[in-house]
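Undergrad: From these two lone chains plus the hints, build me the complex, please.
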Amino acid sequence: MNKTVTTKILIPSGALGLGYDRDALMRGIELNPDLIAIDGGSTDSGPHYLGTGTSKYSRSSIKSEWRELMQARAIANVPLVIGTAGTCGADDAVDWLLDITREIATETDQNVTVAILKSGQPVDRVINALDQGRIKPLEPVIDIDHSVLQSCTNIVALAGAEQIQAALNTGADIVIAGRATDTATIAALPLARGCHTGGAWHGAKIGECGALATTNPSSGTIMITFDAHGFTVEPMGQTARATPYTVSAHMLYENSNPLQLYEPGGYLDVTGAIYTALDDRRVRVTGSTWVPSDTYTVKLEGARCGGYQCVSLALIREARYVQNIDTWTAAVEENCRQKAQERIEGDFTLELRIIGLNATLGAQDLNAQIGSEVGVLGIVTAPSEMVAKEVAKMLNPYLLHLPLTEDEEMPTFAFPFSPNEMNRGEIYEFCLNHVMELGDPMQAFSLTVEQVRT
Amino acid sequence: MTKLADITHKIRSKNAGPFWITIDIFCADEAQFKRALIAADSERVAHALGISVSDLKRYDLPDVHVVKFSFPRPIVQGTRYDRDMHGASFANLIAELDVTP
Chain A
1 MNKTVTTKIL IPSGALGLGY DRDALMRGIE LNPDLIAIDG GSTDSGPHYL
51 GTGTSKYSRS SIKSEWRELM QARAIANVPL VIGTAGTCGA DDAVDWLLDI
101 TREIATETDQ NVTVAILKSG QPVDRVINAL DQGRIKPLEP VIDIDHSVLQ
151 SCTNIVALAG AEQIQAALNT GADIVIAGRA TDTATIAALP LARGCHTGGA
201 WHGAKIGECG ALATTNPSSG TIMITFDAHG FTVEPMGQTA RATPYTVSAH
251 MLYENSNPLQ LYEPGGYLDV TGAIYTALDD RRVRVTGSTW VPSDTYTVKL
301 EGARCGGYQC VSLALIREAR YVQNIDTWTA AVEENCRQKA QERIEGDFTL
351 ELRIIGLNAT LGAQDLNAQI GSEVGVLGIV TAPSEMVAKE VAKMLNPYLL
401 HLPLTEDEEM PTFAFPFSPN EMNRGEIYEF CLNHVMELGD PMQAFSLTVE
451 QVRT
Chain B
455 MTKLADITHK IRSKNAGPFW ITIDIFCADE AQFKRALIAA DSERVAHALG
505 ISVSDLKRYD LPDVHVVKFS FPRPIVQGTR YDRDMHGASF ANLIAELDVT
555 P
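Residue numbers (the numbering used here), protein chains in the order written: chain A, 1 to 454; chain B, 455 to 555.
What the hints contain is simulated information worked out from the structure, not anything from laboratory work. Check before you lean on any hint, since a few could be wrong.
So these bits of chain A aren't anywhere near chain B, every CB distance computed over 10 Å [to be verified]:
1. N32
2. T106
3. E254
4. Q364
5. I379
6. I427
7. N433
Only pairs whose alpha carbons sit at most 27 Å apart, straight line, appear in this in silico DSS-like list of lysine-lysine [said to hold, decoys possible]:
8. K389(A) to K339(A)
9. K511(B) to K56(A)
10. K136(A) to K511(B)
11. K393(A) to K339(A)
12. K468(B) to K136(A)
Note that beta-carbon positions come from the ideal geometry of N, C-alpha and C, so glycine has one too.
Looking at chain B on its own, in the form it has when it is part of the complex (with noise of 0.2 Å):
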């Protein structure tokens, strides 16, 4: 199996303000950030974020190699239901996506 981890540089997540997480893929070369562009499906990204698809925003930087993903948290940072909260763990998530071609 072949996880999104294995073919990008790194992963992370942070709060982007009490409501909203954000994520950054970041990939070490032109090859790379091709490839996660497809692999990281919008499609895909939300569903493993159990969120939907429409309150994913998404932007492609192709000057940094990076795939960014925001969306607004599904339990508000710090209320009693939230398990993390500045949010580093969702990145975890996505490095998993299983995306064996």
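Just chain A, same shape as in the assembly (with noise of 0.2 Å):
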């Protein structure tokens, strides 16, 4: 066993792009931090950016915080370590992050070395590892096979806390590793320097989204020290206070168990944890246990084409019009999939949804009020782009001119764009819910250094 070394996280915010108090993270690297970790992405904002290896948030966005940590990890002299880069955490994603690092290394006159660790699965493993008996559902069980796998335009594994260790044991004065767990890039040094292991990852987990676990979430930036027993949570903005409460219903968020997460090589039970106020705005937290598993796995994701999306959208104010516009949009969706039946080889599909009435909630929502105007969202998606635009093409005199009954003028509804058709282009779809066996946490992630000069 390590002698354990206390070992101070800075957590300038949620994710990267996000935005931070400037001044927080000041106040943070005078406290002398050992690490520097930030979040790149997540799942949340949907399988687009997956589906395509591409960042959610703007290159400029991306480019002018990152140099700013860029900058403080210089003035502190230690790693700053970035999990899931670039939204998704594709490789392509780690490129597009390198590629933004150089310039800045450049513009700024660093001389930095630079782990990268890729999280990318090529489809051979996979399948092997499926063949194999290595690749285990998750609920809601999934189905998959050979096709599925090859229909993926990208698979992604999480890594954990021993590869993102694998990267600081490089020496590099940053780490742009792909998909990896939200916590692992906290976790990865206290785990690594003895500290408690359950207090690792769950003041990790506390972390992760910055000031969250706060009462002031857009200050951003956040301490987590860790040590042999428990770890203590400080948040860096001037006006942010932890407390027991904030600390402990943080793990409520955006988690399906409030008590348990899964890691690779095993949980997190916060159960038997104890919330102390240190004072009025530190949190001291201990009795989190760690319960390693059997086997290590790591989860992993992945996203392929769910078809080609055109929409359209009717702004309807005619009284009459939003009073019957049940029986309007029925008419609408009906003459137009019947048209489209007839004139276009080809499946689709066809949605209508009511904006001011229940594009929320659809049928569930048993509340729905209309109010003096409604928008009609039309959606087409199909197997081909060339189907998706040629069935909103037939909806729009549809969506523009149908009468509500055969005897009276033709109506004409506002339309806000001219084409009225937006090509989305190809839809994604999450379409893994797996974890991978692994003999060897490496034996699924690559890392190279780089040195980036001037």
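TA: In structure tokens, the structure reads:
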């Protein structure tokens, strides 16, 4: 067992691109952290990003914040670690952030060593694992086979603490990691230094969203100090306070189970955690436990094309149409579907959502009420872009002019755009909810080191 | 009519990964929590969400005065029929539950 070294991890914000309070960050730097960790993404914004291997945030925002963090790192002279780079953590997204890093290094005259940890999975590797029985489904179970895996445009495995530790062991100034668990970048160093295992994972979970576990989430920056028995939470924002309530309630956030958190190699159990206020802004946590698993598994995420989409929006203000919007919308849908089936070869789905009535919750909304106007959003999805566009073009005249009854003048409704069809291109869908067993944690990850010079 | 939102502090929902939604019902104090434990009846919550009660996981958390529900997304995040990418609106179905005594 290593001798435990108290370890301070500074987390500037919940995600790169979200912004943070600069003063709070500098206050954190003055407290001499051992490492700066930040999250670069998650699946929360949907499958498009993993499907395409691209970032949700603008390049300019990422570059601006990453530049500040690189400069803060240079002052603190400690490693800067980002996990799930470029929103999805696919290899292309890692390369994108690496490219930005090179630009910043040149512009700010920094020589830095960068460790690059990639989480992308070649399809053949996952197919082999499936054939060898090393892929296990999680709940809810989604069936997969070779063809599902082959249809993925990107598959990533979520790195845990072991892979981040391997990257840190290179001695790099900056670690750019692909897909990783939200906690791994924070827990890796405390674990390597022999801090309390349950405390390391629990403190990492509390810190992973930055100051979200405090009274002032927008201040961003938080310091988690890990030791042999647990961890201490200290917000860096001037007015932000951590209380036993804000800290313990954070286990609820985006977790289906508030008491257990699965990670590569085991799970965290916070059932016995004790939250104590050290003063009115710092909280001490002990009593969380880590339960190791028999096999080492990493979670997989995969996205594939779910068709092509073309959408249209009509705005209805005429009172009689608004009052009869269900009838009118059903007639538009029926007319368009019938014509499209007569004139177009190929499958498609057509859906009309009534914005201002129940577009958010659909038929499940029992308290829906209508106002003075509604928007009707037409959504066409088809296996090819051509078919999606053709059907959307057929929808156009119905959305614009369909009368409620045969014996009335032709109405015209408001279209906000010309053309009114908005081509959304390929849409993607998540198609893996599985873990992959590994004999060695690095087996499914690649690690390289690059000297970035001005 | 009394809604669940009227007798609790805050109700929120969010994705817990692409395949799950989680709903947190925060109560201001012990008294609210005790009332919410009964008012947020699992059968009624499942019905409001349009899911089977066997798919609903429930956590009663007295330390933080929270009742939490998690369930597999009826429609997977981001697929063509998904209406709510971040799962933020499911909370409204629960907030508007009629809990008139």
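Undergrad: All hints are to be evaluated individually against the structure, with a verdict given for each.
TA: We went through each hint and held it up to the structure:
The beta carbon of N32(A) sits about 33 Å from the closest Cβ of chain B, which is more than 10 Å, so the claim that it is off the interface holds. T106(A), annotated as away from the interface, keeps every beta carbon of chain B farther than 10 Å; the closest lies near 37 Å. For E254(A), the shortest C-beta to C-beta distance to chain B comes to about 5 Å, within the 10 Å cut-off, and the non-interface label is violated. The Cβ of Q364(A) does not lie farther than 10 Å from every Cβ of chain B; its closest approach is about 5 Å, which violates its non-interface assignment.
Not every beta carbon of chain B lies more than 10 Å from that of I379(A), the smallest distance being close to 7 Å; the non-interface claim is violated. Non-interface status of I427(A) relative to chain B is broken: a Cβ of that chain comes within 10 Å, the nearest being about 7 Å off. For N433(A), the shortest C-beta to C-beta distance to chain B comes to about 5 Å, within the 10 Å cut-off, and the non-interface label is violated. In summary, the hint linking K389(A) to K339(A) is supported, as the alpha carbons are separated by about 14 Å, within the 27 Å threshold.
For a cut-off of 27 Å, the pair hint linking K511(B) to K56(A) is broken: about 31 Å separates their Cα positions. For the suggested pair K136(A) and K511(B), the alpha carbons sit about 22 Å apart, so the restraint of at most 27 Å is met. As the CA atoms of K393(A) and K339(A) are separated by approximately 11 Å, the hinted pair is consistent with the 27 Å bound. For a cut-off of 27 Å, the pair hint linking K468(B) to K136(A) stands: about 25 Å separates their Cα positions.
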